[in-house]
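First residue of the sequence shown? That's 632 in the working numbering, and the numbers climb one at a time after it.
Treat the hints as calculated values from the structure; they're not laboratory data.
All C-beta atoms, glycine included, are put in the ideal place defined by N, C-alpha and C.
Possibly wrong hints are sitting among the right ones.
Said to hold, decoys possible - Across the chosen pairs, the derived CB separations fall in these ranges:
1. 977 to 1099: 44 to 54 Å
2. 890 to 818: 51 to 61 Å
3. 929 to 969: 21 to 31 Å
4. 722 to 781: 16 to 26 Å
5. 1037 to 882: 51 to 61 Å
6. 911 to 959: 35 to 45 Å
7. 979 to 878: 31 to 41 Å
8. 1063 to 1105: 46 to 56 Å
9. 1022 to 962: 36 to 46 Å
10. 1104 to 1028: 42 to 52 Å
11. 1082 to 979: 25 to 35 Å
12. 985 to 929: 19 to 29 Å
Stated by the list, open to error - Here are the simulated lysine-lysine pairs, DSS-like style, with alpha carbons at most 30 Å apart:
13. 892 to 863
14. 863 to 725
15. 819 to 851
16. 851 to 839
17. 725 to 819
18. 819 to 733
19. 892 to 839
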Amino acid sequence: MPGAPWLEWVMMLIACAGSAGLAVWLLSPRLALSASVHRGRPTLGGTDVVFLFDGDTLVDISDAARGYLPAEEQVTDWSSLSSALISQFPTFPKNPDDIREKGHVSVPSDSGSQACSLLCEWVDGAVRVQLCTDKVKAIPQELSGQLGFLRETLDAAPYPIWRVSETGAVTWSNSAYARLVRRLHGPKADPLSPIFPEIVPEKRPGRKSRVSIAAEAHDKRLWYDVSVVRQKGGSLCFAVDINAVIDAEVAQRNFVQTLAKTFAQLSIGLAIFDRNRQLALFNPALIDLTALPADFLSGRPNLLTFFDRMRDGRMMPEPKNYGSWRDQMAELVAAAADGRYQETWSLPSGSVYSVSGRPHPDGAVAFLFEDITAEITLTRRFRSELELNQAVMDQLDDAIAVFSPDGTLAFSNRAYNTLWNTDPDRSFAQITVLDTTRTWQNHCLATPAWGEIRDFVAARENRAEWWVDVQTRTGASLTCSVHPVQSGATMVRFSQSAGAPNTGTSAEADRLTMIAPETEPVAR
632 MPGAPWLEWV MMLIACAGSA GLAVWLLSPR LALSASVHRG RPTLGGTDVV
682 FLFDGDTLVD ISDAARGYLP AEEQVTDWSS LSSALISQFP TFPKNPDDIR
732 EKGHVSVPSD SGSQACSLLC EWVDGAVRVQ LCTDKVKAIP QELSGQLGFL
782 RETLDAAPYP IWRVSETGAV TWSNSAYARL VRRLHGPKAD PLSPIFPEIV
832 PEKRPGRKSR VSIAAEAHDK RLWYDVSVVR QKGGSLCFAV DINAVIDAEV
882 AQRNFVQTLA KTFAQLSIGL AIFDRNRQLA LFNPALIDLT ALPADFLSGR
932 PNLLTFFDRM RDGRMMPEPK NYGSWRDQMA ELVAAAADGR YQETWSLPSG
982 SVYSVSGRPH PDGAVAFLFE DITAEITLTR RFRSELELNQ AVMDQLDDAI
1032 AVFSPDGTLA FSNRAYNTLW NTDPDRSFAQ ITVLDTTRTW QNHCLATPAW
1082 GEIRDFVAAR ENRAEWWVDV QTRTGASLTC SVHPVQSGAT MVRFSQSAGA
1132 PNTGTSAEAD RLTMIAPETE PVAR
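Please construct the entire structure, taking both the sequences and the accompanying hints into account.
As structure tokens, then:
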């Protein structure tokens, strides 16, 4: 037959092309799996949400499934699909081998409704995952973007967020929760492991619960404020890290305890009133000084009640006018708030208290009560002894002057003031030995004794008692004796010379009354 060779060549080419196409179709796992799956039922067409896997690898996905997932959600294998669906389907299989053993697995949604579930099937060596519902359609692109944004926001939150089911199992968590789980239990720990104690929201509605969890690696406890929001089918939990707050509270508590121990050793009574004028802190010395009961002070009385109780116990000066008592207390508080209150209370019992008010931070006011009875008694006794010594020295006929180690006049008696016609007590400035010797020089004839006295007062060594006779310009003879006394002081005494008639201080004063002539240079 003519043309038969040509026909044979055409038939051979068609046969080769068909064999090559068949080979390509058979060697393509994506097409082969699709074909094998499609032999059972149509899967990747229409509006069905379907994912097709070869082992752990995603080999095909329907258009509806691409719209169902957020645009930025990259699903390439079984693990990434599990991460994308675990929040809505917490029992989604972690391994596709579980499906091959069972043949098919139905995964209900988190709400437990059968109207929305995932059907996982083993079909001819492939795993087919389909969203089964008549009402759920592919999520529009704008809603998909919003869903992705919300997921990113929750994962970027700096504090742990997780969801628990009715049975207390953790069904979803954000990245902060997963990091905390790895921090506590190691890098391979399940991110859905429960680490916080169960909190029943009905017992503390709308309130935070302070809880702690053990951190074995750091040998300490981590503290969080946990809030629980009740939802259908479970609860949503939020935890805020408050370790810095706990550390600050511990430091403050230790500081207050240290202050309390310090205040307990003070002999000064301390009462601190807060900005509301209630007693916030006191020490044991306050109880001893005010005689107020400890239970009364522990009851945190206000400031006016505190001072009223002290007035009733006669532990403060009796007010002259009870009608103005409140006004006086208001002035006292105002002065204490400005740091101007400082008074000495003389109590009816004879005790003397020094009371001062000082401002404290945040509007608080502190009052300090110090018993100064011993100091006041000692001062009064010392003053009494000085007055007695002065009275005794004033009865002597000899004129006496005492100079301190720095050369100032520290003491003189009445005979001295009368003899030299001077009164050191009326001088505001200190009288030095130089001023005194000039007065003596004006009333006496020239003598080198005055310079020697000045040198003796300033000297610190070789201080031996000595005396010299001097003569006044009126002709009276006096014996001037110089005596070293305790602590480097010097006493100078003027007495009538031997043989001169002793007619008494007043007669001597009348006889030695002098008018100062022109000043002469002091002979040395």
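We went through each hint and held it up to the structure:
no. : hint                     : result
1   : 977 to 1099: 44 to 54 Å  : holds, 52 Å
2   : 890 to 818: 51 to 61 Å   : violated, 45 Å
3   : 929 to 969: 21 to 31 Å   : holds, 29 Å
4   : 722 to 781: 16 to 26 Å   : holds, 22 Å
5   : 1037 to 882: 51 to 61 Å  : holds, 52 Å
6   : 911 to 959: 35 to 45 Å   : violated, 23 Å
7   : 979 to 878: 31 to 41 Å   : violated, 51 Å
8   : 1063 to 1105: 46 to 56 Å : violated, 26 Å
9   : 1022 to 962: 36 to 46 Å  : holds, 43 Å
10  : 1104 to 1028: 42 to 52 Å : violated, 21 Å
11  : 1082 to 979: 25 to 35 Å  : violated, 59 Å
12  : 985 to 929: 19 to 29 Å   : holds, 26 Å
13  : 892 to 863               : violated, 54 Å
14  : 863 to 725               : holds, 25 Å
15  : 819 to 851               : holds, 22 Å
16  : 851 to 839               : holds, 22 Å
17  : 725 to 819               : holds, 15 Å
18  : 819 to 733               : holds, 28 Å
19  : 892 to 839               : violated, 34 Å
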